[in-house]
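Q: Under the working numbering, the first residue of the sequence shown is numbered 1, with each subsequent residue one higher.
Rather than coming from a laboratory, the hints here were simulated on the basis of the structure. Careful, some of the hints might be misleading.
Subject to a maximum C-alpha distance of 27 Å in a straight line, what follows is the list of computed DSS-like cross-link-like pairs (lysine-lysine) [said to hold, decoys possible]:
{"id": "1", "residue 1": "Lys62", "residue 2": "Lys171"}
{"id": "2", "residue 1": "Lys132", "residue 2": "Lys324"}
{"id": "3", "residue 1": "Lys62", "residue 2": "Lys324"}
{"id": "4", "residue 1": "Lys324", "residue 2": "Lys195"}
{"id": "5", "residue 1": "Lys171", "residue 2": "Lys195"}
Per label pair, the in silico range of CB-to-CB distance [claimed, not checked]:
{"id": "6", "residue 1": "Phe265", "residue 2": "Asn104", "range": "15 to 23 Å"}
{"id": "7", "residue 1": "Gly105", "residue 2": "Arg149", "range": "35 to 43 Å"}
{"id": "8", "residue 1": "Ala64", "residue 2": "Asn225", "range": "36 to 44 Å"}
{"id": "9", "residue 1": "Ser124", "residue 2": "Ser228", "range": "35 to 43 Å"}
{"id": "10", "residue 1": "Ser228", "residue 2": "Ile347", "range": "26 to 34 Å"}
{"id": "11", "residue 1": "Ser127", "residue 2": "Asp260", "range": "52 to 60 Å"}
{"id": "12", "residue 1": "Asp338", "residue 2": "Asp316", "range": "28 to 36 Å"}
{"id": "13", "residue 1": "Pro253", "residue 2": "Ile335", "range": "31 to 39 Å"}
{"id": "14", "residue 1": "Asp241", "residue 2": "Ser330", "range": "24 to 32 Å"}
The beta carbon of each residue, even a glycine, is placed where N, CA and C say it ideally should be.
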Amino acid sequence: MGQSTRNDRDRGIILVWFAAFAVVLLGSGALAIDMGALWSERRQLQNGADAAAHAVAVDCAKTACTQSQSLALSYARLNAADNETAVTLCGRGAGLTPCTPVPNGVSTAIGYVQALTSTWNPGSGGSSNQVKYVFAPILDALQVGQTVRASSTVIWGALNTQTVLPMVISKCAFNPAWIAADGSLSVPNTQIEIKFDFDSDDDDDDDCDDDWPFGFDFLRDSTNNCGSIPIQIAAGGAILDAGSEGILPRCRPVIRALYDANQVFVLPIAISRTRPGSRSTYTADGFASFNLCGYALGGGFIANSCSTICTGSPSDFRICGTFKTQTFNSGALGIGTDYGTRILRMIG
1 MGQSTRNDRD RGIILVWFAA FAVVLLGSGA LAIDMGALWS ERRQLQNGAD
51 AAAHAVAVDC AKTACTQSQS LALSYARLNA ADNETAVTLC GRGAGLTPCT
101 PVPNGVSTAI GYVQALTSTW NPGSGGSSNQ VKYVFAPILD ALQVGQTVRA
151 SSTVIWGALN TQTVLPMVIS KCAFNPAWIA ADGSLSVPNT QIEIKFDFDS
201 DDDDDDDCDD DWPFGFDFLR DSTNNCGSIP IQIAAGGAIL DAGSEGILPR
251 CRPVIRALYD ANQVFVLPIA ISRTRPGSRS TYTADGFASF NLCGYALGGG
301 FIANSCSTIC TGSPSDFRIC GTFKTQTFNS GALGIGTDYG TRILRMIG
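Based on the provided sequences and hints, a complete structural model is requested.
A: Here it is as structure tokens:
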């Protein structure tokens, strides 16, 4: 047997080192490319879960989760590069299946939704629920791919803190338009007229009985003008200092601006009133949202689509409109009564 030459030994060593280097190179490729694909998939799925949970929470907070699954799928797919993802929902709300386990931080909320997204590649045959590896199978035939998942939870509850426009509405004027026969919250489609009463013992109020002798009133800001007021609902209710008849001229342009903008605005709902002097003090326990479609505050009626509702003597001051549901993405979620004006918060 002949002896190997030095060149043969060198070539053998080089082949060994090359094989070792190739393994390292393939491993690096698996790490860089395959792990990068997993990271990208996870980011897309998380964005999709966040968008889906928020969209469904808005739907559930405003209506009755009527299109939650289709809505979640639509928003999740918009955040997927290939427009494909799997989505499942659970939560507390009409039409939602309870989550098991229940997420942390949802016990005090009116409702919540959790969106769970995961990989879905229908064109990948038997591995349709996996991100397919490119290099890893070369090193290990069993490493063909991985399923990636993400989740997001959004809660909703009664709005607790808000800067409101200078007006308060009594709960007795609110109830007929808002509360269903079974006591549940409903979204009225009919317009309502609410009268403005300066008298504390008015027995002829069309909106309220003798214990509630007011329909709506104006509020004073910190400068005794008709301006925006920050209100926080506390355990005993927020205390609101109303204006007198003298503030009405300063409130007319504010009301006109609301009417011209045709926007939904937030109002505190009063559950009691005292009148120690020329001004009234109200206690409010929550917020409702109102869309103004007409009013009469002296000088005739101004109305558009609700001209048949805002009728009567020009001396009968009134506002006309529709109560609405409305959601906010910022603000405090707290102890206020739920009148359909709600705050959304992502908690995980």
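Q: Take the hints in turn and mark each one as holding or not.
A: Each hint tested on the structure:
| no. | hint | result |
| --- | --- | --- |
| 1 | Lys62 / Lys171 | holds, 20 Å |
| 2 | Lys132 / Lys324 | violated, 48 Å |
| 3 | Lys62 / Lys324 | holds, 9 Å |
| 4 | Lys324 / Lys195 | holds, 19 Å |
| 5 | Lys171 / Lys195 | holds, 13 Å |
| 6 | Phe265 / Asn104: 15 to 23 Å | violated, 35 Å |
| 7 | Gly105 / Arg149: 35 to 43 Å | violated, 20 Å |
| 8 | Ala64 / Asn225: 36 to 44 Å | holds, 41 Å |
| 9 | Ser124 / Ser228: 35 to 43 Å | violated, 56 Å |
| 10 | Ser228 / Ile347: 26 to 34 Å | holds, 29 Å |
| 11 | Ser127 / Asp260: 52 to 60 Å | holds, 59 Å |
| 12 | Asp338 / Asp316: 28 to 36 Å | holds, 31 Å |
| 13 | Pro253 / Ile335: 31 to 39 Å | holds, 34 Å |
| 14 | Asp241 / Ser330: 24 to 32 Å | holds, 26 Å |
Hint check: violations occur at hints 2, 6, 7, 9; the rest are consistent with the structure.
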